[in-house]
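Turn these sequences into a full structure, and let the hints steer you where they fit.
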Amino acid sequence: MYIDDIELEEAPTLEEAADALARHAPDVRVLAGGTDLLVDLKTGRVAVGHLVSIRRIEALRGIEETSEGLRIGALTTITALLRSPAIQARYAPLLEAAGRMAAPQIRNVATIGGNICGAVPCADLPPILMTLAASVELWSRAGQRHLPLEAFFTGPRQTVRRHDEVLTAVRVPEPPPGFGAAYARFGLREGNAIAVAAVAAGLRLDGAGTAVEARVVLNAVAPLPKVVDAAARELVGRAPDEAAIARAAVAARQAAQPISDLRGSAGFRRDLVEVMARRALAAAARRARESQA
Amino acid sequence: MIELRTLNVNGHDYPVAVEAGETLLDVLREKLRLTGTKKGCNVGDCGACTVLVDGEPMNSCLLLASSLEGKAITTVEGLARDGELTPLQKAFVGEGAIQCGYCTPGMVTTATALLAHTPAPSTDEIKEALSGNMCRCTGYAGILRAVQRCDCYRGEAGGGKAAGPAEAAPETAAPPAGARHENVGVSIPRVDAADKVTGRALYTADIQLPNMVHGKILGSSVAHGRIRRIDVSRALALEGVLAVITGADVPETTYGVSPARYDEHVLARDKVRHVGDEVAAVAAVDERTAEKALALISVDYEELPAVFDPRAAIADGAPQLHDRYPNNLNTLVDHHFGDVEKGFAESFHVREESFTGNHIYQCPMEPHAAIATWDHDGTLVLYTSTQVPHYVQYMMAHTLHLPLGKIRVIRPAVGGGFGGKAETTPLDFCAALLSRKLGRPVKMVYSRAEMFHHGRGRHKQHMRFKLGVDRAGRIQAFVNENYLDGGAYTSFGVATAYYAGSLMPTLYHIPNYRYLGRRVMTNKPACGAMRGHGVPQPRFAFECLLNMVADDLGIDPIEIRRRNAMDPDTITVNELDVGSCEFKATLAAAREKSGWDGKYGKLPPGKGIGVGSGGFVSGAGYCIYRGQVQLSHEKPREPFQKKAIFPHANAVVRVTEDGMAAILMIGAAEIGQGSDTVLVQMCAEGLGVPAARIRIRSEDSDISPLDLGAYSSRVTLMGGHAVARAGEAVVAKMRPYAAALLGCAETEVVARQARMFPRGNEAHSVAWEEVARRYFNDNGPLVGTGCYKPPEGLGGDYKGAAVGTSPAFSFGTSVCELAVDLETGQVRIERFTDFHDCGTPINPRAVHGQVEGAIVMGASETVLEDVQFDEKGRILNPDLHGYLMMTIKDAPEIFSGIVDSYEPRGPYGAKEIGEGSTLPVLGAVAHAIASATGVWIKDLPITPEKILAALRARKASARAGER
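For the protein sequence lines, the chains are A and B, in the order given.
Here my numbering runs 576 ahead of the position in the first sequence, where the first position is 1.
Position 344 of the second sequence, counted from 1, bears residue number 338 in my numbering, the numbering being contiguous throughout.
Everything labelled a hint here was simulated from the structure, so no lab data went into it.
Every residue gets a Cβ at the ideal spot worked out from N, C-alpha and C, and that includes glycine.
One thing to keep in mind: the hints can contain errors.
Each computed DMTMM-like pair below joins lysine to aspartate or glutamate, with the alpha-carbon atoms no more than 20 Å apart [what the hints assert, rightly or not]: (1) Lys25/B with Glu672/A; (2) Lys265/B with Asp317/B; (3) Lys793/B with Asp333/B; (4) Lys601/B with Asp371/B; (5) Lys940/B with Glu672/A; (6) Lys65/B with Asp837/A; (7) Lys601/B with Asp815/B; (8) Lys460/B with Glu475/B; (9) Lys793/B with Glu176/B; (10) Lys460/B with Glu285/B; (11) Lys883/B with Glu672/A; (12) Lys883/B with Glu766/A; (13) Lys431/B with Asp371/B; (14) Lys793/B with Glu632/B; (15) Lys265/B with Glu296/B; (16) Lys460/B with Asp333/B; (17) Lys883/B with Asp145/B; (18) Lys940/B with Asp580/A; (19) Lys601/B with Glu939/B; (20) Lys593/B with Asp550/B; (21) Lys866/B with Asp837/A; (22) Lys727/B with Glu764/B; (23) Lys866/B with Glu297/B; (24) Lys793/B with Asp571/B; (25) Lys596/B with Glu824/B; (26) Lys65/B with Glu634/A; (27) Lys601/B with Glu766/A.
Pulled from the structure, derived: some chain B residues nowhere near chain A, Cβ distances all over 10 Å [stated by the list, open to error]: (28) Ala11; (29) Ala579; (30) Gly737; (31) Pro938.
The following block contains the structure:
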């Protein structure tokens, strides 16, 4: 339960962080909040000789309002998300996910970048960010890459991020009129519980109340956040009424690839996916209708 | 890589050398010696290590110290300024927010940050803010009250002492006018509260002795195996490693709890019987090095087939754990009282059901810890986190072949036990052996995972119950057949197996009773005694079955309890002697207060209300070992005698030479339950002085005489008698001096409120301390002693009759209200209404604190908790994110009430509360879930998944019925 034989470099700039990462690859990890990484190091799930802390890189902090939406620095803590007036005003669904994460002590330290880069299959932010059409900025000496979040994950704890790259920011576009999203999540207890199954849903309605865009993303029931196109197809071109939502929820259930573990069997998780999908879609539809007005 | 950093802690800059991987928690505790910040889990699950960094609460176990330069760090030691508690700390002290105190520094630190940001938080905001701070004692009720009522709270109630949103428990702040007693029946704050809320209280792991080294134990990686060879050479070669011991270095003597079944070696000598079974121990310059060394010990196991289910383990041909227990049958109980066949034949209705319990672990917030050191005269000094200092002393003597008199046990503050610290641990033994080898103090602390592997949690029971009643629901006959999953060693298990039957007939009149209990060994950590020892799962099953039978007959569940309820002064069918009993009053009060009649059977789907009852012993009638206090090797095994050989509780009171204070010495184990406080109160009553004049010394066996410890809910009754008598003995010595000063007969002298006066003439008095000084002037030390032996002759003459005997029994009834999400199966426990007969309470707030804690612990074990094993016997969730306990957000609102009762065998009429308060809870929750869903879940824990499956099965069978 001790972290032994490790070197810590505090990189003052992105350049130095990238260089240090390149120098020590693959025996290195980026340290942001560290709430997952330090646990993994203590329990031996991760064993590396080097940590590169990016916490002193001021450019990675802060939430910026741009003409296209928000640019959230990678080091933004979960608490900072929850306290952001911009997010409170226009990105309420993000609060639903952020507010259910872990406990306040963790939220005060854990970062949005870490929650994404950790690529833990039950991380709460990626699915809701995906429904909000978020993208990520990756920086390296070779230049900056900008990819949609759904292209970022490749498997459990695996992403397209190269060893010499740093995730610098998450961009979330301004939600268009008629758009609503929601996150429905099931954990085994009220406080400080990992998601057993969760669904993020986003819907955009036209003036007639017909869904023109739909997105359903499953959490904790697949190796990575799972976009369910079949669920979207049940909704696009129709009014998201109870029947359509129910069909989409069944599609979500069918798309889930859950495992059985101590928090629940695969079958239970499938049941939950259907219920959570229904609830998330109903809330998203309600918000979408509200945002038309 | 060690670097010098400057850390700003509590306003001071400290230069400190830190390693790159070193956490703030370790630096605070080990380098700055600020031990108020606690290590509870070390991975961010429990919140005990919370500190403020620039005003925000964070887990110091998940912060690297080297990256905190320039930050303002505040620990619990930095909250109170100039010795003055903050308003929030005062509220924690005054509102019963503190029991064991191990979560308290993190809790008060987190709440301080909340009130700084949000002076008027709503109840939900408080719960959210504290959702990362686990508490196992208080049920969070006192903590919520403290935040809402502190003088800096500006919320709903307007701050100050106005009642918060949670319903206040009834309480006595001061004795009513004309009360017979001035110190008992009063809710004084805990005597240790201020130390605990400031981080001053020292727990074992907080103690640092000069020249101390650190030890760790290597546990087996296989569930069942023979040790072929252990190679420690690589570990010994590691820089900083000082010693390694294995089974070859430990005494041949086996140890345990039940004298007939001492079956554990300090370290495995030939076989390992569960994953985590202790194999070797290392001492090194620091814990980090000791832990590293464990990985360098190679053990060659011949893996043996393992067995994990007691029903499989008892079958012919199953893998055998111990030669001495054929078919792995560790304990067999076959009790038959009356004639059950006749009873069933005469019954109007008979119902038979099977129930399954779960593997519950106590999870005290403080991990087990021990420090051993040897004095030059050969005395072993052992600091240990235990509930049973005397039994530790006895077992150390037994195992190390030392006289008891050469062992000094010091019990520092203990961060909760619940039965998990009711026996001598491998830490105690290994620290002693390593310390003897090295001639240096050795400290050993379990990690959270090691606690789970050490085990001693609640036995999982597989139960087949059959109940017969007459037309009116009166019980005619009852049979229970239980398989107890014992794990790999006996521990308390013999007693557990008996308790699982013996306490069934104390609650209801059962004329014919048969109990068949089998405790079976399996390749899992040994199970032991946990709050309600052996009884909660059978009580859950019985309460469920009684409710089913009530439904079958159309009788209200509370009414069927009333019809069968135990009466005062009854000898039960199994010859237990029930004295005071206000069980019926608890039923009536719970019915009334909960609004039962308007709710039961009348709530919409998804809403449920349920009832359960329970009770417990007020202290075991007999000592765990037989005979007198004497090295067990020097005497033959003694026959059982139906009397206490020696007093189970003993106290000495010494009055200071100026008469202004009294030191109360009793070896009772304060583990958070509040025993120090109630013992001070009862001693003060005996002395006739205010409780504030008494200081208790309960932690050191060199100072305080023997008390058997904090188990079987015995301390209030037994320790209470001893301290009250010691106080009265002091007064008896003062009488002649007082009589001379007052000019009255000695028999007329009354001591009260630090005055002495002739009976009926309070105006004509002398100061208590003046009398004490006169005594000292003539005689030297003013000392009184008191002791308590349970009554002789308790229990019947059949085998096992001793288990379940007690001077007195408690009774209680809980009503649970909850909501179930019928789509997900999620249960939200909303409210508990509990009434208890605990005799006459000594400290009502402490009673409510026990009830609130028991309700949350009991509800948590009913719906959440389960230690899970894989097919190789490895624990899947030896941590606090996999083993889920209720957080403050999960805890229900609780109303705790006490019914009028007086127990003639108890001190000032008192009985127990700590364990009995758990017993009604499980059944009440299960019943409420059944009433919300229409399905009974008979398999603990009642998870959402099981509820959904049962709802689906019911739907399917309804459909099948339609076809």
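Going through the hints against the structure:
no. : hint                   : verdict
1   : Lys25/B with Glu672/A  : 40 Å, violated
2   : Lys265/B with Asp317/B : 11 Å, holds
3   : Lys793/B with Asp333/B : 18 Å, holds
4   : Lys601/B with Asp371/B : 67 Å, violated
5   : Lys940/B with Glu672/A : 27 Å, violated
6   : Lys65/B with Asp837/A  : 40 Å, violated
7   : Lys601/B with Asp815/B : 9 Å, holds
8   : Lys460/B with Glu475/B : 9 Å, holds
9   : Lys793/B with Glu176/B : 44 Å, violated
10  : Lys460/B with Glu285/B : 51 Å, violated
11  : Lys883/B with Glu672/A : 17 Å, holds
12  : Lys883/B with Glu766/A : 6 Å, holds
13  : Lys431/B with Asp371/B : 15 Å, holds
14  : Lys793/B with Glu632/B : 15 Å, holds
15  : Lys265/B with Glu296/B : 9 Å, holds
16  : Lys460/B with Asp333/B : 14 Å, holds
17  : Lys883/B with Asp145/B : 23 Å, violated
18  : Lys940/B with Asp580/A : 43 Å, violated
19  : Lys601/B with Glu939/B : 18 Å, holds
20  : Lys593/B with Asp550/B : 12 Å, holds
21  : Lys866/B with Asp837/A : 15 Å, holds
22  : Lys727/B with Glu764/B : 13 Å, holds
23  : Lys866/B with Glu297/B : 11 Å, holds
24  : Lys793/B with Asp571/B : 17 Å, holds
25  : Lys596/B with Glu824/B : 17 Å, holds
26  : Lys65/B with Glu634/A  : 16 Å, holds
27  : Lys601/B with Glu766/A : 18 Å, holds
28  : Ala11                  : 14 Å, holds
29  : Ala579                 : 34 Å, holds
30  : Gly737                 : 66 Å, holds
31  : Pro938                 : 7 Å, violated
Hints 1, 4, 5, 6, 9, 10, 17, 18 and 31 from the list above are not met by this structure, while the remaining hints are.
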